[in-house]
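Number of protein chains: 2
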Amino acid sequence: MQKRFFLSEDEIPTQWYNIQADMVNKPMPPLNPVTKQPLKPEDLFPIFSQEVSRQELDMEHAWIDIPQEVREMYTYYRSTPLVRAYGLEKALGTPAHIYFKNESVSPVGSHKLNSALAQAYYCKKEGVTNITTETGAGQWGCALSYAAKVFGLEAAVYQVKISYNQKPYRRSIMQTYGAQVTPSPSMSTKAGRKILTDEPNNPGSLGTAISEAIELAMSTPNCKYTLGSVLSHVTLHQTIIGLEAEKQMQKAGEYPDIVIGCFGGGSNFGGIAFPFMRHNILEGKKTRFIAAEPASCPKLTKGVFQYDFGDVAGYTPLLPMYTLGHNFMPANIHAGGLRYHGAGVIVSQLLKDNLMEAVDVQQLESFDAGLLFAKAEGIIPAPESCHAIAAAVREANKCKESGEEKVILFNLSGHGLIDMSAYDQYLSGSLQNFIVTDEMVNDNLQKLEKFV
Amino acid sequence: MQKRFFLSEDEIPTQWYNIQADMVNKPMPPLNPVTKQPLKPEDLFPIFSQEVSRQELDMEHAWIDIPQEVREMYTYYRSTPLVRAYGLEKALGTPAHIYFKNESVSPVGSHKLNSALAQAYYCKKEGVTNITTETGAGQWGCALSYAAKVFGLEAAVYQVKISYNQKPYRRSIMQTYGAQVTPSPSMSTKAGRKILTDEPNNPGSLGTAISEAIELAMSTPNCKYTLGSVLSHVTLHQTIIGLEAEKQMQKAGEYPDIVIGCFGGGSNFGGIAFPFMRHNILEGKKTRFIAAEPASCPKLTKGVFQYDFGDVAGYTPLLPMYTLGHNFMPANIHAGGLRYHGAGVIVSQLLKDNLMEAVDVQQLESFDAGLLFAKAEGIIPAPESCHAIAAAVREANKCKESGEEKVILFNLSGHGLIDMSAYDQYLSGSLQNFIVTDEMVNDNLQKLEKFV
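Chains as they are written, first to last, in my numbering: chain A, 1 to 452; chain B, 1 to 452.
Please keep in mind that the hints were generated in silico from the structure rather than gathered at the bench.
It is possible that part of the hints are untrue.
No more than 30 Å apart at the CA atoms, straight line, and that leaves these computed lysine-lysine pairs for DSBU-like [to be verified]:
id : chain 1 : residue 1 : chain 2 : residue 2
1  : B       : K167      : A       : K375
2  : B       : K125      : A       : K375
3  : A       : K167      : B       : K375
4  : A       : K149      : B       : K398
5  : B       : K450      : B       : K26
6  : B       : K352      : B       : K450
7  : B       : K251      : A       : K247
8  : B       : K375      : A       : K149
9  : B       : K125      : A       : K90
10 : A       : K375      : B       : K149
11 : A       : K90       : B       : K149
12 : A       : K251      : A       : K400
13 : B       : K375      : A       : K125
14 : B       : K286      : A       : K400
15 : A       : K251      : B       : K251
16 : B       : K167      : A       : K149
17 : A       : K124      : B       : K251
18 : B       : K167      : A       : K167
19 : B       : K90       : A       : K124
20 : B       : K375      : B       : K406
21 : A       : K190      : A       : K36
22 : A       : K149      : B       : K406
23 : B       : K247      : A       : K251
24 : B       : K149      : A       : K406
25 : B       : K90       : A       : K149
26 : B       : K400      : A       : K149
27 : A       : K167      : B       : K149
28 : A       : K398      : B       : K149
29 : A       : K375      : B       : K124
30 : B       : K26       : B       : K40
31 : A       : K247      : B       : K247
32 : A       : K302      : A       : K406
33 : B       : K124      : A       : K90
34 : B       : K90       : A       : K125
35 : B       : K251      : B       : K194
Note that the structure is predicted; figures quoted are calculated from it, not measured.
Just chain A, same shape as in the assembly:
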């Protein structure tokens, strides 16, 4: 019984998959917040590299060539293993066949590197010398810092101050790769200075860090901003996960009935799901796709589909998305990568069109599943990935009741070795659930201007 499936280097996909080209109902366009006009790629050039700006709005090309330089760097850690989770199946006593794609083996410990390498490469190619970004717990910041080093760029990362102080390991990793890491809010930008002047002990937020990183990019010559999720070009780069998994499932002689990813902004979920969803769209396959979001930040299960800003301060274009309101303050769960108020525009459209499903998972259920997985498979999963595992466990338990041998595939987006304090709290019984009701969401959305 083979447990792990790999691809040889010449089997690794040479193109990413752009689902926008195959969608019957395309995502609605991002809008300029002032003119309310649909954005063109050129409108994004001041902030992002030109190539990702074009990819962001590309509704035509289903397949985008992965540059040779990026493919070469992918071979440093790809293909990642597709693993038959015999240990988990046995622990659950389920007839289901459970597979996971193990993105935790990337040198930075998560799937984030797949897009960081692409974004850094395009910047380098276009003559950019410096790149900026924001990071919370630090998964994306680590990936971007390493990618910058690979392509000879200087990286400046604004890390949410409370994470910078509480989770020093990821800060150290970024610095080991040579990045400049600044706790946000900082005195180095107007946005940061304003907040610090008003509130010297402000702990920071992803929204503030985004504002600082964009401001630095806009005010520095040859400098661009990069983002780790939400946007369509990021998900495009992450489709390498699903494209590999598709070939690896062939080697395993199976095809998934259910594909599951945890959900923050959408890039790891879309990354594993879209290449399989393509067969639903084009060939009428009936695979189910489940996004597993935290119950404390339930934009897919309790949010509203409307135009909203991507950041707290309202600097970004208006995006058509399921949102809790860009003023929503998620509870401080350990799955920091899932604490985001909105969903990317592609996933939002797909959910609206019932081409996928969403479930919410409480923090305690996510760690129950994570611990079960750690004991059964040996790998300690990231708190974010625990949400995908929990959804997979639910489906596997349904199979146990019904006796069905369904094939379940989920994405293990990262490992939890830098998040052991979360496991400590779980084991000591001090972890909490956080409930968000429809009423709380509605109250929050009421406070927002209707933009469109």
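Dock chain B against chain A, hints included.
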């Protein structure tokens, strides 16, 4: 240019290699410290499982079957990748071909699991229900905790108290796998109580933790003790590393001129080196083998070959080894896994017979090399592994001078993600070197009784 080489599951070796059978000069026997008589396997049965007791002293069988149950667990993470370090070669500008075996992809982050699974399996098979061990920084403790969970055993780990308090992440990992972790010295054993009574704030040591773990095993029904390095059966299990690497080097179309491992007790070094050394012994190949030890704990380069105890308290058999004296207190370097006063009996004999070499590496040089590697290959190496990298860098730089295209293979025994505080200190300039002179070693050895 292929970068990573894997084996299919049916190519993974089915036997470990016992170099003792092929050695012309066998290791001298361990002695009973009271009678001074050579040990027989039965003498070890009260402490260890019977099977590893036999393996420990087996001078006859060059190949030992890996039990099917252990092979099945190996497929959870093996084969580990053999990687051509193109990034490091480029950074050094060397004509050398550098390869590393990446044991850091094991679920517990190091090679330690290779022996933990075997030891736990044999205990289970022999009707043992509980196993004990000691751990310093926690690499071995994590591996043993997971292996115990796999085979349904209860694990009790004594962790050196200062590490228990200062490096809580590995403690959390052990607890996540379900192990009972006790800071040592503890009140749960006579040995611990005595120390705590004399000195309530004693920070603990590996020697004390060993004493506590052995005492618990001896005083508990169906309980055995396990050890993570030094002993010959541990190195035997680790030869899976070199046996895989041999097949993977064939796929790469090369054979190593130099094989390098970092050196604590000898298990990861022997694990990668012995399968290649076999060809030196049997076929006259001329591969060089280099053990890279910390300059602060230089048993191979400055120690003396003599009978000595394996632990500080003097509870173990007398072992013929290169030693700094079992009373040697290594400086508190970050490579905790290399802080051991002696070398295993096999390596000691091989070094005495000039079948291998040893070099010492200062702490700062090790982190210089580790940082270079992290930036070039993306993987942050464990402080222990940094010593192997430093030795590889030295050899690669010699090739640069001479223009030789030598093939260098080293073992990346683990990742450093749980050791980022060490990198922090390195980056902030607060890391130190520690010098041990011949005089200091001689003074120390003078204080010891001559046992044989």
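For each hint, the structure was consulted:
1. Our distance criterion of 30 Å between C-alpha atoms is met by K167/B and K375/A, whose separation comes to about 21 Å.
2. Taken as a hint, the K125/B and K375/A pair is honoured in the structure, with Cα atoms around 20 Å apart against an allowance of 30 Å.
3. Between K167/A and K375/B the alpha-carbon distance is near 21 Å, which keeps this suggested pair within the 30 Å criterion.
4. A hinted pair counts as satisfied when its Cα atoms are at most 30 Å apart, and K149/A with K398/B qualifies at roughly 26 Å.
5. For the hint pairing K450/B with K26/B, the CA-to-CA distance comes to about 22 Å; that is within 30 Å, so the pair holds.
6. Restraint check for K352/B and K450/B: the C-alpha separation of about 19 Å stays at or below 30 Å, so the hint holds.
7. For the suggested pair K251/B and K247/A, the alpha carbons sit about 23 Å apart, so the restraint of at most 30 Å is met.
8. Our distance criterion of 30 Å between C-alpha atoms is met by K375/B and K149/A, whose separation comes to about 7 Å.
9. Distance restraint check for K125/B and K90/A: the Cα-Cα separation of roughly 20 Å lies within the 30 Å cut-off, and the hinted pair is therefore satisfied.
10. Our distance criterion of 30 Å between C-alpha atoms is met by K375/A and K149/B, whose separation comes to about 7 Å.
11. Between K90/A and K149/B the alpha-carbon distance is near 14 Å, which keeps this suggested pair within the 30 Å criterion.
12. A distance of roughly 25 Å separates the Cα atoms of K251/A and K400/A; the hinted pair therefore holds under the 30 Å criterion.
13. For the proposed pair K375/B and K125/A, the alpha carbon gap of about 20 Å is at most 30 Å, so the pair holds.
14. Note on K286/B and K400/A: the hinted pairing is violated, with a Cα-Cα distance of about 58 Å set against a maximum of 30 Å.
15. Restraint check: the Cα-Cα separation between K251/A and K251/B comes to about 21 Å, which is no more than 30 Å; the hinted pair holds.
16. For a cut-off of 30 Å, the pair hint linking K167/B to K149/A stands: about 29 Å separates their Cα positions.
17. For the hint pairing K124/A with K251/B, the CA-to-CA distance comes to about 34 Å; that exceeds 30 Å, so the pair is violated.
18. Straight-line distance between C-alpha atoms of K167/B and K167/A comes to about 14 Å, which keeps the hinted pair within the 30 Å bound.
19. A distance of roughly 19 Å separates the Cα atoms of K90/B and K124/A; the hinted pair therefore holds under the 30 Å criterion.
20. A C-alpha spacing of about 23 Å is found between K375/B and K406/B, which places the hinted pair at or below 30 Å, so the restraint holds.
21. Distance restraint check for K190/A and K36/A: the Cα-Cα separation of roughly 26 Å lies within the 30 Å cut-off, and the hinted pair is therefore satisfied.
22. For the given pair, K149/A sits about 27 Å from K406/B by alpha-carbon distance, which is consistent with the 30 Å threshold.
23. The hinted pair formed by K247/B and K251/A meets the criterion: a straight-line CA distance of about 23 Å does not exceed 30 Å.
24. For the hint linking K149/B to K406/A, the alpha-carbon distance of about 27 Å falls within 30 Å, and the restraint holds.
25. At most 30 Å may separate the alpha-carbon atoms for a hinted pair to count; K90/B and K149/A meet this at roughly 14 Å.
26. Proximity of K400/B to K149/A is assessed by CA-CA distance (about 24 Å); at most 30 Å being required, the pair is judged to hold.
27. Of the supplied pair hints, the one linking K167/A and K149/B holds, its CA atoms being roughly 29 Å apart against a limit of 30 Å.
28. For the hint pairing K398/A with K149/B, the CA-to-CA distance comes to about 26 Å; that is within 30 Å, so the pair holds.
29. Taking the CA atoms of K375/A and K124/B, the gap is near 17 Å; set against the 30 Å cutoff, the hint holds.
30. Between K26/B and K40/B the CA atoms are separated by roughly 15 Å; this keeps the pair inside 30 Å, and the hint holds.
31. Of the pairs offered as hints, the one joining K247/A and K247/B holds, with about 25 Å between alpha carbons and a cut-off of 30 Å not exceeded.
32. Only pairs whose Cα atoms come within 30 Å are accepted, and K302/A paired with K406/A is accepted, the gap being roughly 28 Å.
33. The suggested pairing of K124/B with K90/A holds, with an alpha-carbon distance near 19 Å, which does not exceed 30 Å.
34. The hinted pair formed by K90/B and K125/A meets the criterion: a straight-line CA distance of about 20 Å does not exceed 30 Å.
35. Of the supplied pair hints, the one linking K251/B and K194/B is violated, its CA atoms being roughly 56 Å apart against a limit of 30 Å.
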